[in-house]
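Student: Kindly produce the complete structure, drawing on both the sequences and the hints.
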Amino acid sequence: MNYMAILIQREFWEHRNTFIILPAIVAGLMFIVMLAGVLYAPLNINFSSETTSEPNGQQVQISTERNFEGNWAEAMQQEFSTLDSEQRTVFLSTAFTGIDVVLSVVLWLVILSFLLNCLFNDRRDRSILFWKSMPISDATAVLAKLATALLALPIVYLSAMAALQISWLGLFTLSTLDAEASAWDMVWVPAPILSHWLRYLGLVLFYGLWCLPLWGWLLAVSANAKRTPLVSALGVPLCLIIAERLISDQAYIESWIKAHSMPMDPSTDIAALLFSADMLLAVLVGTLWLGVAIWLRGRADEL
Amino acid sequence: MSNVVEAHGISKKYGNFNALDSVSFAIQPGSIVGLIGPNGAGKTTALKALVGLTPFDGSLSVLGTDPRKDRHKLMERACFVADVGVLPRWLKVSNALDYADGVHPKFNRQRAEAMLAATDIPMHKRVAQLSKGMLTQLHLSLVMAIDVDLLVLDEPTLGLDILYRKSFYQHLLNDYCDHQTSILISTHQVEEIEALLTHLLFINKGAIVLDCAMDELAARFNEVLVAPTDWAQAEGLSPIYSRDLLGKKAMIFEDTPAAKLADLGEVSTPSVADLFVAKLQTARGIK
Chain A
-9 MNYMAILIQR EFWEHRNTFI ILPAIVAGLM FIVMLAGVLY APLNINFSSE TTSEPNGQQV
51 QISTERNFEG NWAEAMQQEF STLDSEQRTV FLSTAFTGID VVLSVVLWLV ILSFLLNCLF
111 NDRRDRSILF WKSMPISDAT AVLAKLATAL LALPIVYLSA MAALQISWLG LFTLSTLDAE
171 ASAWDMVWVP APILSHWLRY LGLVLFYGLW CLPLWGWLLA VSANAKRTPL VSALGVPLCL
231 IIAERLISDQ AYIESWIKAH SMPMDPSTDI AALLFSADML LAVLVGTLWL GVAIWLRGRA
291 DEL
Chain B
78 MSNVVEAHGI SKKYGNFNAL DSVSFAIQPG SIVGLIGPNG AGKTTALKAL VGLTPFDGSL
138 SVLGTDPRKD RHKLMERACF VADVGVLPRW LKVSNALDYA DGVHPKFNRQ RAEAMLAATD
198 IPMHKRVAQL SKGMLTQLHL SLVMAIDVDL LVLDEPTLGL DILYRKSFYQ HLLNDYCDHQ
258 TSILISTHQV EEIEALLTHL LFINKGAIVL DCAMDELAAR FNEVLVAPTD WAQAEGLSPI
318 YSRDLLGKKA MIFEDTPAAK LADLGEVSTP SVADLFVAKL QTARGIK
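Chains A and B, in that order, are what the protein sequence lines are.
Counted from 1, the first sequence has number 186 at position 196 by the working numbering; the numbering is strictly sequential.
Counted from 1, the second sequence has number 254 at position 177 by the working numbering; the numbering is strictly sequential.
Note that these hints are calculated values from the structure, not bench results.
For every residue, glycine included, the Cβ atom is placed at its ideal position computed from N, Cα and C.
Nothing false has been slipped in among the hints.
Covered, in the sense of this in silico footprint (three residues per stretch, anywhere, with C-beta under 8 Å from a C-beta of chain A), are these stretches of chain B: (1) 123 to 134; (2) 164 to 171.
Examples of chain B residues lying across from chain A (beta carbon under 10 Å, computed): (3) Lys146; (4) Lys150; (5) Met152; (6) Val158; (7) Gly179; (8) His181; (9) Pro182.
Tutor: Structural data, given as structure tokens:
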């Protein structure tokens, strides 16, 4: 019998505020800002920049000057009239990523908080006795929490991002209805809508594996902490880092923990990391911590 | 048919405190066992160990499984209700039904809904909004809608009024006594379940002080109301307990034939409550 769906649904019942309401509010606020930008915030920007590069040892200076008038949609229309389709795709992709950033930061924090507290809260409110009185194995229970954090939750947040991106293109379309160039050709055709979302899902899966040591560690701490899981979650890695600094002048552990605990520079080639030894190590360490979390959940009693 | 529960040398420590001290007992199929003991005797720990909710030392087989290794398999055939509300506060009543329906192959949703319909519990309310009585009713409705071989109830009617307690035990009798379901029930309110039980387990300070079938009770224990003139003779037969009653002494004897006691007064079988007090005082070295 497949219990995963109902176990994930149970997490959404419990965490409705941070799983559903919070992304809806953040997306709603961002939409209001976009709308206000069209209605009330005409731009009058004089933009100039100078870039100096030295190809072949010869100094070349590139000057850029722009003068935008009107709101952001009109300014975008002006800018797009100078770009070819490929450049428009690059521009829109960057803009989509910009829209993703705020919700992604919120998503990252919600995932961290959820994994750190989920098994702890079950013990603190004694509901662990109810959950464990149902025929669900500890492995299934822990993996359902992981799947909630790394699959279900990103899909909900991605839906909010997608709605926002479509709304943004919609606002642009509405505010340029009287323009000569059609909004369809200008933004909808070059917009990398599906590919952007698929890439985002790819990133979600990548970070699910790349940061598995972090996710597993948080679940293990959550299953074991007597009080304030955050203290153990941060304390142990900090002690390791300090001990490494005291014992040697190297920082292998520190850099490894940092690399697998936070999002990377967007320019990083994650495809190259996907089949690296570092990824293999991350999956092994993460699986080990998940095993510890499952074992601890099996021994868990009320607090 | 093999025993539903086989416990040998079950021990559990909390720091230096022995919650269970090498406890051994067995439960036969279809029996209704009352686990009776004072506060802190180890009742809850024993019941939690039985369904794999707490780690312990010793050998334990419940429905042929080791609860430490196969809790989830065991919980397909066993149900547990903890002594106080353990349903999470954020859970809606309707969600609780959805959840049990989704994870338990033997959950009968119609049965649970019928039981809830007989209460004042609204389906859209959250656990946090229910009274203590409603909370217990909800949990019992969920559990009693599951067709299981072993029902483990830890103080199931604690904090409920007499009306609901009566109705609960009536329900328990009607629903389970015809089946081969075994029930292990811990309670303080011995009198209310006395008529229901087929076996008694008294526990004190983590140790079993009495393990007896109800139908053996009359053969093993006798109570006599002894007049002052016979006190010395009665003391000579080593009663396990004696209490003053209307100028006489009510004495309880263990393994002393009724024929030997007939001269002292009218012989009767002690109530479970009196026997409980007697065994506990014996365990504490007080008569």
